[in-house]
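Peer 1: Using the sequences and the hints given, assemble the complete structure.
These protein sequence lines are chains A and B, in that order.
Position one of the first sequence corresponds to residue 0 (numbering that gives the first Met the number 0), numbered consecutively onward.
Position one of the second sequence corresponds to residue 0 (numbering that gives the first Met the number 0), numbered consecutively onward.
Mixed in with the good hints, there may be bad ones.
[What the hints assert, rightly or not] Below, computed lysine-lysine pairings styled on BS3-like, alpha-carbon distance capped at 27 Å:
hint : chain 1 : residue 1 : chain 2 : residue 2
1    : A       : LYS12     : B       : LYS99
2    : B       : LYS23     : B       : LYS159
3    : A       : LYS12     : B       : LYS159
4    : A       : LYS12     : B       : LYS15
5    : B       : LYS23     : A       : LYS12
These are calculated hints, taken from the structure and not from any lab test.
Every value quoted in this text rests on a predicted model; they were computed, and no experiment measured them.
One-letter residues, chain by chain:
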Amino acid sequence: MAELRIPIIVENKGKKALGDVDKGVKGLSKSFKKLAGAAGIGLSTAAVIKFGKAAAKAFIADEKAASRLAMSVKNLGLGFETPRIERYISELSAMSGITDDQLRPAMQRLLQTTGSVTKSQELLNQAIDISRGSGVDYETVVNDLSSAYVGNTKGLKKYGLGLSQAELKTMSFADVQSKFAATFKGSNAAYLDTYAGKFELINTAVGEASEKIGGALVESLVSAFAAGDPEEFVAKIEGLATKLADMVATAVFGFKKLYYLTSDAAILASLNPFDDYENQVMRIIDSQEKAFKASFNRIKMGYLGSMPIGIYSGAGDDAARKKAEADAARRQKELAATQTKSLAEQKKKLALDKASKTLNLEAIGIEAALKGKISETDRISLLLQKAILEGNASLATQLSDQLEAAITRQNAIRALLISTPEAPNPYRNWTLPMDLLNYTASSLGVSVAQLQNAPVAPSSSFSDAEMELMSAVNRFQGANAQAINVEVYLDGDIVGGAVTNSQINSSLSGSFNQVNRGNNKGAVAL
Amino acid sequence: MPTELKGANELRKALKKFSPDLDKATRDEMVGFLKPIVKLARGFLPSNSDAPSGFVKHEVKTAKFPMYDASEARRGIGYKLTPTKPNRQGWSSTVSIHNKTAAGAIVETAGRKSGISGNFTPRFSGQFAGRGKMQGRAMFKAYDQDQGKAKAAVIKALEKAAAKFNGSK
Numbered sequence: 000m001a002e003l004r005i006p007i008i009v010e011n012k013g014k015k016a017l018g019d020v021d022k023g024v025k026g027l028s029k030s031f032k033k034l035a036g037a038a039g040i041g042l043s044t045a046a047v048i049k050f051g052k053a054a055a056k057a058f059i060a061d062e063k064a065a066s067r068l069a070m071s072v073k074n075l076g077l078g079f080e081t082p083r084i085e086r087y088i089s090e091l092s093a094m095s096g097i098t099d100d101q102l103r104p105a106m107q108r109l110l111q112t113t114g115s116v117t118k119s120q121e122l123l124n125q126a127i128d129i130s131r132g133s134g135v136d137y138e139t140v141v142n143d144l145s146s147a148y149v150g151n152t153k154g155l156k157k158y159g160l161g162l163s164q165a166e167l168k169t170m171s172f173a174d175v176q177s178k179f180a181a182t183f184k185g186s187n188a189a190y191l192d193t194y195a196g197k198f199e200l201i202n203t204a205v206g207e208a209s210e211k212i213g214g215a216l217v218e219s220l221v222s223a224f225a226a227g228d229p230e231e232f233v234a235k236i237e238g239l240a241t242k243l244a245d246m247v248a249t250a251v252f253g254f255k256k257l258y259y260l261t262s263d264a265a266i267l268a269s270l271n272p273f274d275d276y277e278n279q280v281m282r283i284i285d286s287q288e289k290a291f292k293a294s295f296n297r298i299k300m301g302y303l304g305s306m307p308i309g310i311y312s313g314a315g316d317d318a319a320r321k322k323a324e325a326d327a328a329r330r331q332k333e334l335a336a337t338q339t340k341s342l343a344e345q346k347k348k349l350a351l352d353k354a355s356k357t358l359n360l361e362a363i364g365i366e367a368a369l370k371g372k373i374s375e376t377d378r379i380s381l382l383l384q385k386a387i388l389e390g391n392a393s394l395a396t397q398l399s400d401q402l403e404a405a406i407t408r409q410n411a412i413r414a415l416l417i418s419t420p421e422a423p424n425p426y427r428n429w430t431l432p433m434d435l436l437n438y439t440a441s442s443l444g445v446s447v448a449q450l451q452n453a454p455v456a457p458s459s460s461f462s463d464a465e466m467e468l469m470s471a472v473n474r475f476q477g478a479n480a481q482a483i484n485v486e487v488y489l490d491g492d493i494v495g496g497a498v499t500n501s502q503i504n505s506s507l508s509g510s511f512n513q514v515n516r517g518n519n520k521g522a523v524a525l
Numbered sequence: 000m001p002t003e004l005k006g007a008n009e010l011r012k013a014l015k016k017f018s019p020d021l022d023k024a025t026r027d028e029m030v031g032f033l034k035p036i037v038k039l040a041r042g043f044l045p046s047n048s049d050a051p052s053g054f055v056k057h058e059v060k061t062a063k064f065p066m067y068d069a070s071e072a073r074r075g076i077g078y079k080l081t082p083t084k085p086n087r088q089g090w091s092s093t094v095s096i097h098n099k100t101a102a103g104a105i106v107e108t109a110g111r112k113s114g115i116s117g118n119f120t121p122r123f124s125g126q127f128a129g130r131g132k133m134q135g136r137a138m139f140k141a142y143d144q145d146q147g148k149a150k151a152a153v154i155k156a157l158e159k160a161a162a163k164f165n166g167s168k
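Peer 2: Below you can see the structure in the form of structure tokens.
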């Protein structure tokens, strides 16, 4: 972000828009160049030689892989299946755009895992769909599938099947396969419909053609037989190679014949009319040559004249195939059984773990409860639970007895409490002592009978203590519900009256002889 | 937004090769429209005393954050009349204005995304102008204030040159 720029006038070079197509076209043209190189079209000798070397290398690598696969198949007791497997790989490569370099090791791996050609072919096919659909490279998919076949589903998480690790673990391989089929079926066909897919298909086909052309004779033969289309050219090269090999063999064996015919023994034999040395030597060398050529050009799969070789399997082969398939099926069953057993074990373990966790939680709960303020019964009950959890049988029995005794005790106490009569008021029979009554009556200036029957009227002569006593007596008699009039006396008058008189006296003025007021209130002495 | 002018690069090449005088005249004309924006943009850059003190170039042993020097930052603002290398989408700028230095770019854009807050961005006195990715304190502000006049003039100059060149053939 160091440089900021305002483009005022711009122009699009259109690089990116055509970039992808360019790339594809370049790739394709490269492949066609290779093929053209094989056919010797428009290329220099150096280029042809270069191609020849590359083709030879590819051929050697391809042959190595084929040999490894063949050996692996042979070791599995399925040697007779090699031509069928090779043809299947070749066809699958042409159809799917996956090179045989990738298919051969994949097939080998699957064969080693499943032991069945049919199952391996099925998985090989499915792996293509999975690879195209998920974007995971083909080799990884095959490895994951073969791992899943033996119950290791760890690698399947990345395909986004919408299954948890636990679910994947509990699924059988058949379920995994159907899940894959449901998710990715038809992905390869869809991919091959795209331009990228078509380019890849063509590239693969061209690469395969290049491998076929590879070999020691290619370099010298390409320039001589340049014309024609690639397939014809390949056919020609194959024919030529066979012929050349024949020629070489004929020449070598011809030299051998010449060597023996010019030897001392032959010369001596020629002088002896009864010696058939030359003819014998010729017959022997001819038979050797024939045997060599037969072994060199042995047809692995095809027709020798009208006789089919390697195409139709014999009864023995069929039996061997059946046996291998049965073995594979048995093995799959065994694997499934092992997996089921393992799953059952896992389930048991999970249940135990869960139970153990539950117990732990219970123990924690008991400990927490024991720390609180609880009754004796509750305490014994909790301790008993703890003992049961811990599996302490003797303590549990002991505590159980204690709990029983505690419950019995508790029940007895409860029954006792229920049967206890209602408690009477302990003060109900209490009476005021006579002397106290006499004292109160005399203090308040009333008789004892008055004191008991009527409220005591307040008096201005009551001291504070007497006032309190009066209140208490009146309260006792229920007189507290009545209104209490409080009168405060000042200079012998009730305070209210005294105040009024004083106010009247202050407010009056003027002179008059007499103001008539009731009870002489407000009278002013003039 | 930039304007696409198809064949502008080829026209500049052709002018340079076959009509150097016309090329020079076109170039001078375009420079005449771009220079005022550059000058204005340079003016919007703060002086060293107005920039945050810690940001101004000083002696430090380990300096990773770019340090501001007004004269250097001002020199970093300029124009370019030759096509740039196409980007990944294939776009090449025929005529452009640039703010090259890192410190200048910081002054231009600091706080544009995160807002004027904290201890650094509020110390820049200039206000932002423009919108979105074309928002800034110096070059973008000057370009915004120009209101596309320079762009129109540059296009016109190129079109005029193309017409002259085609007419002279």
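Peer 1: Now, for every hint given, state plainly whether the structure supports it.
Peer 2: Hints versus structure:
no.	hint	verdict
1	A:LYS12 <-> B:LYS99	24 Å, holds
2	B:LYS23 <-> B:LYS159	13 Å, holds
3	A:LYS12 <-> B:LYS159	23 Å, holds
4	A:LYS12 <-> B:LYS15	20 Å, holds
5	B:LYS23 <-> A:LYS12	25 Å, holds
Hint compliance for this structure: no hint is broken.
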